[in-house]
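*Asks:* Residue numbers (my numbering), protein chains in the order written: chain C, 1 to 197; chain W, 1 to 197; chain S, 1 to 197; chain H, 1 to 197.
Note that these hints are calculated values from the structure, not bench results.
This structure is a prediction, so every number in the text was calculated from the model and none was measured.
Any given hint could be a false lead.
Over 10 angstroms on every C-beta distance to chain H, these chain C residues come out as not near it, computed from the model [what the hints assert, rightly or not]: (1) Asp11; (2) Gly12; (3) Arg135; (4) Ala142; (5) Pro159; (6) Leu184.
Stretches of chain C that chain W covers, calculated by requiring three or more beta carbons in the stretch to come under 8 angstroms of a beta carbon on chain W [claimed, not checked]: (7) 31–41; (8) 75–85.
Where is the CB? At the ideal position from N, CA and C, for every residue including glycine.
These are the residues of each chain, in order.
Number of protein chains: 4
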Amino acid sequence: MPTTRLETFADGVFAIAATLLIIDVTADAHGGALGGALAHSWPQYAAYAVSFVTIGIMWVNHHTCLELIDRADRRFLFINVALLACIAFVPFPTRLVAEHLRDGGLRAAALAYGLTMTATAICFFAFWFYAAIGRRLIAADADERMVRGISRSYLPGAPIYAGATLVALASPTASVILFAAIALFYVLESSVFVRGA
Amino acid sequence: MPTTRLETFADGVFAIAATLLIIDVTADAHGGALGGALAHSWPQYAAYAVSFVTIGIMWVNHHTCLELIDRADRRFLFINVALLACIAFVPFPTRLVAEHLRDGGLRAAALAYGLTMTATAICFFAFWFYAAIGRRLIAADADERMVRGISRSYLPGAPIYAGATLVALASPTASVILFAAIALFYVLESSVFVRGA
Amino acid sequence: MPTTRLETFADGVFAIAATLLIIDVTADAHGGALGGALAHSWPQYAAYAVSFVTIGIMWVNHHTCLELIDRADRRFLFINVALLACIAFVPFPTRLVAEHLRDGGLRAAALAYGLTMTATAICFFAFWFYAAIGRRLIAADADERMVRGISRSYLPGAPIYAGATLVALASPTASVILFAAIALFYVLESSVFVRGA
Amino acid sequence: MPTTRLETFADGVFAIAATLLIIDVTADAHGGALGGALAHSWPQYAAYAVSFVTIGIMWVNHHTCLELIDRADRRFLFINVALLACIAFVPFPTRLVAEHLRDGGLRAAALAYGLTMTATAICFFAFWFYAAIGRRLIAADADERMVRGISRSYLPGAPIYAGATLVALASPTASVILFAAIALFYVLESSVFVRGA
């Protein structure tokens with residue numbers, strides 16, 4: 001079966017997951033107190049921006065994979081459902097980290113974030129390798145170097161996130177810095193270093 | 001008329017229904033209490049995961065049907081609207097069951113879940129047989145064995161769910177175990193046993 | 001310009017507007033009180049079902065129009081935005097009517113519902129006649145009888161809803177019965193009487 | 001890579017961002033007090049309508065750009081993600097302005113609105129000029145006059161919004177009138193003055 005509806009469904013989930021965090025952006029204040037309330041709720045805006053960009057990166061990656069894949073079977077659809085369930089969960093721990101950046105809840109929040117990202121990376125790994133091994137679902141005219149390039153770039157994801165999650169047990173602050181560095185690396189790798197595509 | 005827009009609309013509803021439950025996933029706690037609050041709200045995560053997967057399975061099945069169907073008439077569009085209304089309702093009783101797993105509200109929650117799933121199964125039945133009887137909306141080149149295979153697999157759905165719902169009157173716990181077994185069976189049947197696509 | 005993206009955007013709004021009311025379906029109760037709470041909140045389920053079906057009918061009608069329309073200009077896109085803004089508003093007054101069916105707020109709720117439906121009917125009228133007059137945006141191969149059939153069926157919408165809204169000033173109950181009768185007529189007209197399409 | 005999935009994702013975000021504000025439209029009142037509550041919450045309806053139309057205009061403009069663009073690279077996808085993050089944020093400051101129209105919070109609300117619109121205009125600028133400079137992503141058959149027309153119309157957006165935002169420091173009311181005038185100008189420019197397309 002072709003991948004068209006998989007893409008429509010996935011794009012819907014990506015769009016909703018990215019946008020939904022705006023519901024949590026609020027500023028209830030009377031009259032002149034609004035300015036202070038807006039300034040005070042900056043972690044909400046940060047969480048919104050970080051989630052949107054994170055999900056945006058995942059959407060770009062999902063997009064890139066599906067350009068090389070030209071068919072789907074039922075198992076692939078289920079892997080995709082599991083992947084999307086992880087992705088749509090991302091805004092929740094992102095908000096937790098933003099809200100607890102400066103209090104004693106940061107360890108729990110960083111663990112929640114790290115576990116979610118590790119699970120997402122595992123699903124992305126399963127998603128890609130299910131399609132790529134033996135070129136099971138890969139388009140006949142897909143460039144083998146691009147397929148291998150993606151395979152190489154997906155291998156370290158889960159261990160890196162699992163490692164950063166373990167760091168949270170020792171130092172939550174260090175793990176958050178690590179998570180930010182990983183995200184930054186993915187943005188740069190996807191948009192600056194990579195030529196073509 | 002072709003089925004393209006039916007699919008876009010349906011994919012939108014599936015995507016929103018699956019994703020929306022994340023709104024209910026919350027953890028309000030100050031500082032060090034966050035870890036405990038996260039651990040305590042596991043029924044919310046379970047409900048999110050179960051809903052997402054349930055709706056994912058329904059999306060895969062809807063998808064499979066529409067691959068054999070190549071046109072729609074207005075009555076079929078309305079049946080589809082009714083089916084989607086049932087599917088978008090599923091997250092609500094799923095959350096009820098998760099929240100009342102260990103208190104006296106389990107009977108009511110299991111009944112709500114069972115009635116929703118029975119109604120959904122009836123709509124799926126109507127959806128498929130309206131299209132399949134006399135191959136009314138089936139594509140000319142669709143394999144008759146696949147059409148019959150789907151017809152066979154859709155016949156028992158509504159009676160099975162109705163039966164498990166009745167069990168809830170006697171033993172809510174037994175009915176919840178039955179519901180889980182049915183869901184597991186559908187996942188396995190769709191993804192493991194079935195060969196091909 | 002072609003109408004594809006108009007359809008994607010519209011289908012997204014339809015899907016969200018139809019599904020969003022599920023957020024309002026809640027049942028907060030502890031333990032054994034859940035059964036009673038579920039039974040008591042039936043107006044929420046009724047509002048959900050009525051909204052979903054109403055928006056479903058509008059989606060079918062929008063769909064039917066766009067099958068005869070094969071291009072769009074910027075003004076048509078704006079009319080479409082206004083129409084979608086009305087449609088996405090429908091769940092709100094629908095819920096008001098359901099919640100106030102048996103108290104003194106029914107007049108205000110019926111007026112809100114009637115005004116929303118009148119505005120929606122006016123936008124649908126503008127949407128269709130902007131495209132149909134002089135076959136401005138109608139596909140060259142569209143059947144003139146179908147175009148005229150739709151034009152005829154869209155003429156009475158706004159006056160009928162405006163009339164039923166005025167009735168709410170005298171008798172809210174009578175206007176709600178009228179609204180139900182109009183909705184039922186549209187379902188029957190679309191799905192039972194009409195052959196073909 | 002083609003722009004199809006960019007459009008599906010974008011249309012999803014546009015549809016959700018436009019529709020989501022309906023969640024904030026509420027009227028909790030018992031019995032006869034409903035009429036007053038509905039009349040009193042008009043800023044909610046105004047915010048809903050203004051947001052929906054603003055996002056509708058942006059959707060039309062995004063649509064117009066993508067008709068001339070026939071391919072995307074990864075950087076363009078990221079610019080698009082940033083643009084969509086801004087657009088999905090618009091309903092929040094719009095509601096703030098509506099709620100604080102007549103109290104001391106108008107300055108903060110107008111600044112929030114102005115900053116959001118300035119950021120959105122900058123992203124729209126980056127979105128278009130990234131594609132248009134040297135016709136990097138422009139379709140080979142796209143009319144050069146249309147490309148230049150869009151370039152000309154996108155140049156003043158960010159400075160105009162930045163200027164109106166600065167006005168809010170001196171007079172919040174004046175800046176809100178300016179914002180309304182800018183929005184009105186865009187509607188008229190897009191739908192009345194412009195011939196063709």
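*Asks:* The structure should be examined with respect to each hint, and the outcome stated for every one.
*Replies:* Quick rundown of the hints versus the structure:
Under the 10 angstroms C-beta cut-off, the non-interface status given to Asp11 of chain C relative to chain H is violated; the minimum distance is some 4 angstroms. For Gly12 of chain C, the condition that its CB be more than 10 angstroms from all CB atoms of chain H is violated, with the nearest at approximately 5 angstroms. Separation of Arg135 of chain C from chain H is adequate, the least Cβ-Cβ distance of about 20 angstroms exceeding the 10 angstroms criterion. For Ala142 of chain C, the condition that its CB be more than 10 angstroms from all CB atoms of chain H holds, with the nearest at approximately 12 angstroms.
Every beta carbon of chain H lies more than 10 angstroms from that of Pro159 of chain C, the smallest distance being close to 24 angstroms; the non-interface claim holds. With a least CB separation of 13 angstroms from chain H, Leu184 of chain C remains clear of the 10 angstroms interface cut-off, as annotated. For the region 31–41 of chain C, the stated coverage by chain W is not satisfied: 0 residues place a CB nearer than 8 angstroms to a CB of that chain, which falls below the threshold of 3. Residues of the region 75–85 of chain C with a Cβ under 8 angstroms from some Cβ of chain W number 7, which satisfies the need for three, so the listed coverage holds.
Against the hints set out earlier in the document, violations occur for numbers 1, 2 and 7.
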